[in-house]
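Protein sequences, first through last, are from chains A and B.
Per the numbering used here, residue 7 is the first one in the first sequence, and the count goes up by one each step.
Per the numbering used here, residue 80 is the first one in the second sequence, and the count goes up by one each step.
Just so you know, these hints were derived from the structure itself, not from any lab.
Every value quoted in this text rests on a predicted model; they were computed, and no experiment measured them.
Warning: the hint list may mix true and false statements.
Cut-off 27 Å, straight-line C-alpha distance, at most; resulting in silico cross-link-like pairs (DSS-like, lysine-lysine) [as the list claims (entries may be wrong)]: (1) Lys147/B to Lys158/B; (2) Lys38/A to Lys8/A; (3) Lys86/B to Lys107/B; (4) Lys38/A to Lys141/B; (5) Lys87/A to Lys120/B; (6) Lys158/B to Lys79/A; (7) Lys38/A to Lys129/B; (8) Lys132/B to Lys87/A; (9) Lys127/A to Lys38/A; (10) Lys87/A to Lys127/A; (11) Lys127/A to Lys120/B; (12) Lys107/B to Lys120/B; (13) Lys155/B to Lys79/A; (14) Lys38/A to Lys132/B; (15) Lys157/B to Lys79/A; (16) Lys87/A to Lys98/B; (17) Lys129/B to Lys98/B; (18) Lys153/A to Lys147/B; (19) Lys129/B to Lys87/A; (20) Lys132/B to Lys79/A; (21) Lys8/A to Lys79/A; (22) Lys127/A to Lys8/A; (23) Lys98/B to Lys120/B; (24) Lys79/A to Lys120/B; (25) Lys105/B to Lys86/B; (26) Lys86/B to Lys98/B; (27) Lys141/B to Lys8/A; (28) Lys38/A to Lys87/A; (29) Lys155/B to Lys141/B; (30) Lys157/B to Lys147/B; (31) Lys129/B to Lys141/B; (32) Lys155/B to Lys153/A; (33) Lys107/B to Lys129/B; (34) Lys120/B to Lys153/A; (35) Lys120/B to Lys86/B; (36) Lys79/A to Lys129/B; (37) Lys120/B to Lys38/A; (38) Lys157/B to Lys153/A; (39) Lys105/B to Lys153/A; (40) Lys120/B to Lys132/B.
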Amino acid sequence: MKYHSTRLGDFDLQEDEVLQFADGLYGFEREKRFAVLPFNQEIESPLEWMQSLQNPDLAFVITDPHLFVADYKVSFLDHEKAEIELPPDGFCLVRVIVNIPSIYTEMTANLVAPIAINPEKNLAKQFILTTVEYDTRHYLFSEEVRKSAAPGAK
Amino acid sequence: MLVLTRKIGESIRINDDVKLTIVEVKGKNIRIGIEAPRTTKIYREELFWKIRKENEAAASAKAFDLGKVTQLLQEKLKKG
Chain A
7 MKYHSTRLGD
17 FDLQEDEVLQ
27 FADGLYGFER
37 EKRFAVLPFN
47 QEIESPLEWM
57 QSLQNPDLAF
67 VITDPHLFVA
77 DYKVSFLDHE
87 KAEIELPPDG
97 FCLVRVIVNI
107 PSIYTEMTAN
117 LVAPIAINPE
127 KNLAKQFILT
137 TVEYDTRHYL
147 FSEEVRKSAA
157 PGAK
Chain B
80 MLVLTRKIGE
90 SIRINDDVKL
100 TIVEVKGKNI
110 RIGIEAPRTT
120 KIYREELFWK
130 IRKENEAAAS
140 AKAFDLGKVT
150 QLLQEKLKKG
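Please model the entire structure based on the sequences and the hints provided.
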């Protein structure tokens with residue numbers, strides 16, 4: 007089926023490729039259907055777009071937190087896995103939402119509310135972690151890089 | 080909003096399986112104990128709103144240069 011994204015243009019998606027959020031996302035509870043699309047058509051990137059199929063204007067940038075935070079430990083409880091139809095020992099993908107401000111090196115990821123994905127059934131849910139001390143704005147770039155970026159550098 | 084008055088040590092039961100108890104009152108701080116099934120999500124209201132606001136901020140980020148962002152990240156991941 008054909009869909010349109012304000013940022014990315016038209017794209018095709020099979021029904022079994024639709025990422026379904028039964029409960030939407032925090033603040034976007036009615037957004038239940040998304041497509042995961044490559045961030046950049048030309049080059050490979052650790053980022054991806056999570057484009058709403060209901061609202062062409064709505065898209066989130068997501069990434070695998072383990073690429074940036076080596077010791078990011080998130081283990082979902084059995085009942086949380088059950089919410090995306092995963093058995094207790096089932097494998098789930100973890101993604102976090104990235105916020106890209108005008109100074110790119112200051113981009114942050116929300117490590118407190120990761121998204122768990124059942125990759126086989128394409129079911130997803132955003133969970134709030136309450137047992138660990140993470141940031142909703144975790145810088146992806148080191149302080150060194152951020153300090154050396156010229157003001158207003160793009 | 081349902082508002083109930085409790086004394087220290089008294090409780091409120093929600094949905095049969097959730098129990099709130101006023102544990103202690105110290106000045107302006109009130110310590111509340113919560114007994115609930117493991118499957119119950121419990122967090123401070125501010126955190127709930129913080130997550131919502133962060134999602135909204137991420138969703139409404141201004142347009143950016145995809146190529147430049149990717150380039151910066153590739154450089155970073157190469158360095159490790």
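Now the hints, each set against the structure:
no. : hint                 : result
1   : Lys147/B to Lys158/B : 17 Å, holds
2   : Lys38/A to Lys8/A    : 17 Å, holds
3   : Lys86/B to Lys107/B  : 15 Å, holds
4   : Lys38/A to Lys141/B  : 23 Å, holds
5   : Lys87/A to Lys120/B  : 14 Å, holds
6   : Lys158/B to Lys79/A  : 22 Å, holds
7   : Lys38/A to Lys129/B  : 21 Å, holds
8   : Lys132/B to Lys87/A  : 25 Å, holds
9   : Lys127/A to Lys38/A  : 14 Å, holds
10  : Lys87/A to Lys127/A  : 12 Å, holds
11  : Lys127/A to Lys120/B : 24 Å, holds
12  : Lys107/B to Lys120/B : 25 Å, holds
13  : Lys155/B to Lys79/A  : 21 Å, holds
14  : Lys38/A to Lys132/B  : 18 Å, holds
15  : Lys157/B to Lys79/A  : 23 Å, holds
16  : Lys87/A to Lys98/B   : 25 Å, holds
17  : Lys129/B to Lys98/B  : 26 Å, holds
18  : Lys153/A to Lys147/B : 18 Å, holds
19  : Lys129/B to Lys87/A  : 24 Å, holds
20  : Lys132/B to Lys79/A  : 24 Å, holds
21  : Lys8/A to Lys79/A    : 37 Å, violated
22  : Lys127/A to Lys8/A   : 21 Å, holds
23  : Lys98/B to Lys120/B  : 13 Å, holds
24  : Lys79/A to Lys120/B  : 19 Å, holds
25  : Lys105/B to Lys86/B  : 13 Å, holds
26  : Lys86/B to Lys98/B   : 15 Å, holds
27  : Lys141/B to Lys8/A   : 25 Å, holds
28  : Lys38/A to Lys87/A   : 18 Å, holds
29  : Lys155/B to Lys141/B : 23 Å, holds
30  : Lys157/B to Lys147/B : 16 Å, holds
31  : Lys129/B to Lys141/B : 20 Å, holds
32  : Lys155/B to Lys153/A : 14 Å, holds
33  : Lys107/B to Lys129/B : 23 Å, holds
34  : Lys120/B to Lys153/A : 39 Å, violated
35  : Lys120/B to Lys86/B  : 25 Å, holds
36  : Lys79/A to Lys129/B  : 21 Å, holds
37  : Lys120/B to Lys38/A  : 21 Å, holds
38  : Lys157/B to Lys153/A : 19 Å, holds
39  : Lys105/B to Lys153/A : 43 Å, violated
40  : Lys120/B to Lys132/B : 19 Å, holds
Of the numbered hints stated above, those contradicted by the structure are hints 21, 34, 39, listed in ascending order.
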